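For this one, chain A is given, so just place chain B on it according to the hints.
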Amino acid sequence: MKAGDKRRWLDDPANVTLLYRLLWAAGLATVGLDLFVSRHDDVGFAEWLGYYAAYGFAGVVLLVLAAKGLRRLVARAEDYYDDR
Amino acid sequence: MTAELPVGALLIAAGLAGPLVAARVRGPLFLAAALAAFAQLLALSPGDALRAELFGAALQPVRVDRLSLAFGYVFAIAAFLNVVFAWHVRTRLEPCAAMVYAGAAMGAVFAGDLLSLFVYWELTAVSSLLVVWAGGGERARGAALRYVLVQLASGMLLAAGAALQYADTGSLAFGRMGLEAPGGALLLLAFGIKCAFPLLHNWLQDAYPEASATGTVVLSAFTTKLGIYALARAFPGAEPLIWIGVAMTAFPIFYAVIENDLRRVLAYSINNQLGFMVVGIGLGTELALNGAVAHAFADILFKALLLMSMGAVLLRAGTVKASELGGLYKSMPWTAGFCIVGAASISAVPLFSAFVTKSMVMASAAQEGHLVVWLALLFASAGVVEHAGVKIPYFAFFAHDSGIRCREAPLNMLIAMAFAAALCIGIGVFPTALYAILPYPVDYAPYTASHVLAQLQLLFFAVLGVFWLMRAGIYPPEQRALNLDFDWTYRRLGPRIARGVAAALQVLLAGLRDISLRAGAAGAGALERLHGTEGVLARTWSTGGMTLWVAVLLAAYLLVYYLLYA
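Each protein sequence line maps, in turn, to chains A and B.
Here our numbering is used: the first sequence runs in plain steps of one and ends on residue 84.
Here our numbering is used: the second sequence runs in plain steps of one and ends on residue 650.
This is chain A alone, in the form it adopts within the complex:
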């Protein structure tokens, strides 16, 4: 926010939290749908309840944690290649 700006809906942290909860609700609803839709898949175990939800969540969390470790190894100052 800057002085003189009109206040936007997203400027209120409570609204952002509301969106975040709605996202959870929508996500869990797609898992709930697995109870009613029998998904067919080329890979057998992918038909398990909520398989893609679990894989997507775990995949992203592991990816970000690994990337955090990678940053410790490879991060340098922005002008690293400039001075030679």
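Think of the hints as simulated: they come from the structure by calculation, not from any bench.
Accuracy of the hints is not assured; some may be wrong.
[As the list claims (entries may be wrong)] Stretch-level coverage of chain B by chain A, calculated; a stretch enters the list once three of its residues show a Cβ under 8 Å from a Cβ in chain A: (1) 152-166; (2) 330-339; (3) 416-426; (4) 466-478; (5) 537-548.
[What the hints assert, rightly or not] Under 8 Å between C-beta atoms, here's a sample of chain B residues computed to sit facing chain A: (6) Ile-342; (7) Trp-458; (8) Leu-462; (9) Phe-463; (10) Ala-533; (11) Ser-534; (12) Phe-551; (13) Leu-553; (14) Tyr-559; (15) Arg-575; (16) Leu-577.
As the structure is a prediction and not an experimental result, all values here were calculated from the model.
Note that beta-carbon positions come from the ideal geometry of N, C-alpha and C, so glycine has one too.
Same frame as chain A, but now just chain B:
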């Protein structure tokens, strides 16, 4: 207009004429050329060809089939988008070079023989070098120099591979060849550089983000997809490509998480998307090859859209560093909206383009029993959601308000983004239109309840994963930094070794000079033996052998030059 006019010639001619006309005429001229180029493609049909002969070798500068047409269409669309997006640019070099570049890339996908391909190949290298160079500043020029050396190396490998094939078969025809064919390995390497294979990839992340706000959009469309086209033409079903492709989908996403420059994030993202295409080519089934081509088509459009939105941000806010941005939706709501369409398209949200293209490659991997490949691609898909689906729009337009207040993007940029966004959604909603131009008949239905539900689960929970990490304070904060990648070996390690060796050589040479003076007299006798009537160096050599050695010498020269001066 048919194949009698080489495909791409219109764009190249317009690009060459560009510097001669007034700046305000240039936009309309380029627009007309792009539309005419597209019209020419519509007039072509599979089987059309333009033949020629050079020194007894049969050439085919234009060979029209479904594979070349699919790439031709999307290159023409990309050329059109570039003209509109850069309509406001008044400098001469970049827009003109961009037209030549687009024309050369179009010419290349219609080249029926390796010599024609080589000519277009080198023309894309030189013209795209100018686009990088036009980015301005010392960093862009350094990146441009490193970029062109890599591109020329690719051209040299192509020439050497072509020479080996010609020496062995007497034909320069460019078609399906396989890895064990004469020159096959060299051609694979030549194409692999353009496709940014692992360890051959850093020219992409190095050079693309250094170009201008408009230049990076131009670059993203052509070179890498030309590489994909060439792979699909020559090596469909070559098994090593499956694993090379898997590596390409997986490793760049880790860098994309921690990269601060959002255009460099997208450069890593290009690398990742190319991986899906390379896997498709390696699988080699009709479904997978269709998927690779369709995904290349879709990728050119959504990647252009994402890079256009970041170009607009760079133009208006003056930076694309995630650490400096945030809250821009207040100033640039239209750009933010178009960026989100691009993000949804690359993330394969149902009704957006990648949902109907990437899934063909993944379905083929699963159906062929490549379980590990399928799992890796699924992981990489979640990674795409993280860096391109969430990170790009979120850090630029939302997150914490950076306090930057600027104007919305210029109208021409918004129009170009609107076109690209409409195409991304159009492909997602009407996939049959894209499926109709693919190389093989399509027997694939993307919109089944199972596929839509599975993808929605993956998307929702990948996004939830990111926001959960952010709210828990675990997500790595954006910070100004440079991340070492494989380019460290040739930007730091190599030059250090080369300088060390050069210093040692100087000492050695001084010593050798003394000895050599004394040995000079003896050398005259050796010269007689080597170059005399029966001498080793005086006998005739085969053309193929000669070309190979010339290529080796040039490569060695290039390498030494690179390590010492780049």
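(message) When the structure is checked against the list of hints, which entries are broken? Sort them ascending.
(response) 1, 3 and 16
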